[in-house]
Amino acid sequence: MCLGIPGQIVEIVDPADQRATVDVDGVRREVNVGLVMGDAGGIKVGDWVLIHVGFAMTKIDEEEAASTLDFIKQLGRIYDDEMRDFSAEAPL
Amino acid sequence: MKFVDEYRDPAAARTILSHITELAQDGHYKFMEVCGGHTHTIYKHGIENVLPETVELVHGPGCPVCVIPMGRVDDAIAVAETPGVIFTSFGDMMRVPGGNGNLLEAKARGADVRMVYSPLDALRIAIANPDKQVIFFAVGFETTAPSTAVTLLKAREKGVANFSLFCNHVTIVPPLKAILESPDLRLNGFLGPGHVSTVIGQRPYRFVPKTYNLPLVTAGFEPLDILQAILMLLRQIDEGRCEVENQYTRAVPEQGNQKALEVINTVFELRPHFEWRGLGFISQSALKLREEFAPWDAELKFSVPGVRVADPKACQCGEVLKGVIKPWECKVFGTACTPETPIGTCMVSSEGACAAYYNYGRFTKHQTVPVELTRTPQPA
Amino acid sequence: MSDDDGHSHEDEVLERIEAWRRRRPKLKDEFINSAHGAGGKASAALIDAVFLEAFRNKSLETMADGAVLELPSGDRVAFSTDGYVVKPRRFPGGSVGDLAVNGTVNDLAMMGAVPQWISAAFVIEDGFSITELRDLVADMAAAALKAGVQIVTGDTKVVNKGACDGVYITTAGVGVIPPGVHLDAKSVRPGDKVLVSGKIGDHGVAVLIARGELALEADIPTDSAPLGELVEHLLAAAPNTRFLRDPTRGGVATVLNELAREAEVGVVVQESALPVRNIVNGACEILGIDPLYVANEGKLVAVVPAEEADAALAAMQAHPFGVDAAVIGEIREDPPGIVILNTGFGGNRIVDMLVGDPLPRIC
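Protein chains in written order, with this note's numbering: chain A, 64 to 155; chain B, 58 to 437; chain C, 58 to 420.
The following block holds chain A by itself, in its conformation from the complex:
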């Protein structure tokens, strides 16, 4: 089942019971962070996590997210460059 939503941790409610509050565009829900607490760096306020059926499944890696978008922008630049080169070479 695949509906996973990115949300930001805004409060650690109970570390022993593994409960935290996440915010999704102003909507808040308590989620269980037991599956991600052991990750490197643990879980802290401000982290972004992927939420599925009331559980945080993974931390969203902001660097990887940025690099994915960068790659896509790069494609655009390569394409634009090619188009420029192409039209420069095209015979009239």
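Please note: incorrect hints may appear among the correct ones.
Within a straight-line C-alpha distance of at most 20 Å, the following computed EDC-like cross-link-like pairs (lysine to aspartate or glutamate) qualify [to be verified]: (1) B/Lys101 - C/Asp192; (2) A/Lys136 - B/Glu79; (3) B/Lys101 - B/Glu113; (4) C/Lys144 - C/Glu127; (5) B/Lys316 - A/Asp124; (6) B/Lys316 - A/Asp110; (7) B/Lys388 - C/Glu110; (8) B/Lys383 - B/Glu105; (9) B/Lys383 - C/Glu67; (10) B/Lys383 - C/Glu69.
Chain C residues, not near chain B, derived (Cβ > 12 Å throughout) [as the list claims (entries may be wrong)]: (11) Trp77; (12) Arg113; (13) Lys214; (14) Glu286; (15) Asn297.
Since the hints were derived computationally from the structure, they do not count as laboratory data.
It should be emphasised that the depicted structure is a prediction, and the values quoted were computed from it without experimental measurement.
Even for Gly, the Cβ is constructed at its ideal location relative to N, Cα and C.
Once you have looked at the hints, place chains B and C on chain A.
Relative to the frame of chain A, chains B and C by itself:
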């Protein structure tokens, strides 16, 4: 919405599409996705009709709700109709038809059926209603199984005896193998399931390029994710590579989620075999509770009919699921089999290939002619 | 696979589906279930097969929000009724009392009438708190004042404990339709613009969250409001407005589908133009529901000729209940009876009639 909106940018889409069109121009490529969430995104954003005609998307058995056989739904209803029971379920399962109707209809007849968003909600209901037996209808691939497992461990820790699971969790690799073993398969690659992969990582898919010579790219759920994954598949083919790649790096770690895998292993074990609607019996493809969790196993606590209900003869779901035929090529599509009167798994939930096509995808060939808005729309 | 004239097998199947869809919805159920109340296909089937079948008359068959009745004097009067059973009875921003008045006021306004007189019938469960009853009635009085209507007659019945859920309120309303005002789905033409009076999805999400089952916390109040004055201003600025309807249960998607079917036109909506609050969007994303299908209680959908769209928009935006009004789409000739959404991404998809209640999904 952060991590969502930026992956829906149409301008960025155009650049990826131009590369896709260029790479795909000399052939015809069929890529299968095996995740209900991917089917949903593809239809919700109308991705199929921005792709060039040379790239075709096939919707495989990615919907863990749709593949639950009718007999198991009947079992669920039987449990729900037991006196003194509160039966809890995700919304997706409520309309899936068994041999004799669905859970919503059972609710209309007086069964205490409640929709929950999380298995923890079901546990809360059990704690709040100690005089009732509360059952949770556990469905889903490896994405959802860890959450069920953690919930069960909590139930044990807190000594909640009136809580039990009707376990129908399934695993992704066996149906993938079953599809790949099919002699009439005509695919060029796979979009790997993004959220299952957050749990199982990338390694379990290696057999796809290794044994079957098809590339697999694990993809995220926003439109740009899917387009980028398609581009990555085409590039592999173009460069003569054949491997497992990860497009969804922001959420999928290479090794998956160790804690989640541990917790699955603590609570569940594999059933010898399990019936999949539309695909028949597949061995080692589903989970059941380990013996030590017997007190929380609804199948042991309640008597379920356990009758196997065969799919109707006219049903061609198996062929649709393998990408051999398109939804509208099925003989009963749109007539005997519609979203209101579904016959097989593909029409049962809105992620099924046939339902998605029927509800969203008809007329996708219809040109997207933009609407002229007379004034600038206000920002949301 | 194609015939010589390029008419493919797929086109045949699509035509078959369209013919099937155009048939009158058949009711096969023997018992009522929640889908019959959701405003979608099942509701339509029930109304058609049970009520329309028995009560058959011209006024009823128009299936608008209410009936238009012609008096011997030639004046026209609009008459509408609605039952209010929402749970919880109190939710952020309002109560069932507000809905009971505004809902009927709005049905009258959608027919172009000036809402004036309301009746209110109460079915109350034995043991219900009189304090709560007073509170609901106070809400109704306040809503009536705000809407400029009077509650002129009513009824009270008490039923045994368990025979109803607290209190059910049924209101009916009457208003005069000014001469020259003719709103009718069938007058809609290709090229007309589709407008919505503000941000959609608030009410349905507010109630869903207030039920507490989904453990979400969000500051989303209902949008319940009386639209009589907004409609007056709109019709003054855009006198050739073709059609108005308020997107209550089943949401904007349902209204547009009803319109497409009644007028036999295509409706195209631009996703990027749909006004939705960020927080409502967030809640819908979490739950996996589509704001287009979520109920609204203080909004209207209007279809106006293209040349009057600017004026219509300006008139609504100048009114407190229309500040976020927007043009969201247009009417096309093809494909008839179908509502299409141009997605923000550049693709398109069909927005079909609702099947059953919109249930939150996890997949």
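Okay, the hints, checked on the actual structure:
For the hint pairing B/Lys101 with C/Asp192, the CA-to-CA distance comes to about 43 Å; that exceeds 20 Å, so the pair is violated. Our distance criterion of 20 Å between C-alpha atoms is met by A/Lys136 and B/Glu79, whose separation comes to about 18 Å. Pair hint B/Lys101 plus B/Glu113 holds up; C-alpha atoms about 17 Å apart against a cutoff of 20 Å. With a C-alpha separation of about 37 Å, the suggested pair C/Lys144 and C/Glu127 falls outside the 20 Å cut-off, and the hint is violated.
Among the hinted pairs, B/Lys316 with A/Asp124 is consistent with the structure: their alpha-carbon atoms are about 18 Å apart, no more than 20 Å. About 19 Å separates the Cα atoms of B/Lys316 and A/Asp110, which keeps this hinted pair within 20 Å; it holds. Distance check on the hinted pair: B/Lys388 and C/Glu110 sit about 33 Å apart at the alpha-carbon level, beyond 20 Å; violated. The hinted pair formed by B/Lys383 and B/Glu105 meets the criterion: a straight-line CA distance of about 14 Å does not exceed 20 Å.
At most 20 Å may separate the alpha-carbon atoms for a hinted pair to count; B/Lys383 and C/Glu67 meet this at roughly 9 Å. The straight-line distance between the Cα atoms of B/Lys383 and C/Glu69 is roughly 14 Å, inside the 20 Å bound, and the hint therefore holds. A beta-carbon of chain B is positioned within 12 Å of the beta-carbon of C/Trp77; the least distance is around 7 Å. Residue placement check: C/Arg113 keeps its beta carbon more than 12 Å from all beta carbons of chain B (closest about 25 Å).
At the 12 Å boundary, the C-beta of C/Lys214 stays outside the reach of chain B, the nearest C-beta of that chain being 25 Å off. Residue-level check passed: C/Glu286 sits 21 Å from the nearest beta carbon of chain B, beyond 12 Å. With 12 Å as the threshold on Cβ separation, the claim that C/Asn297 sits away from chain B holds: the shortest Cβ distance comes to roughly 15 Å.
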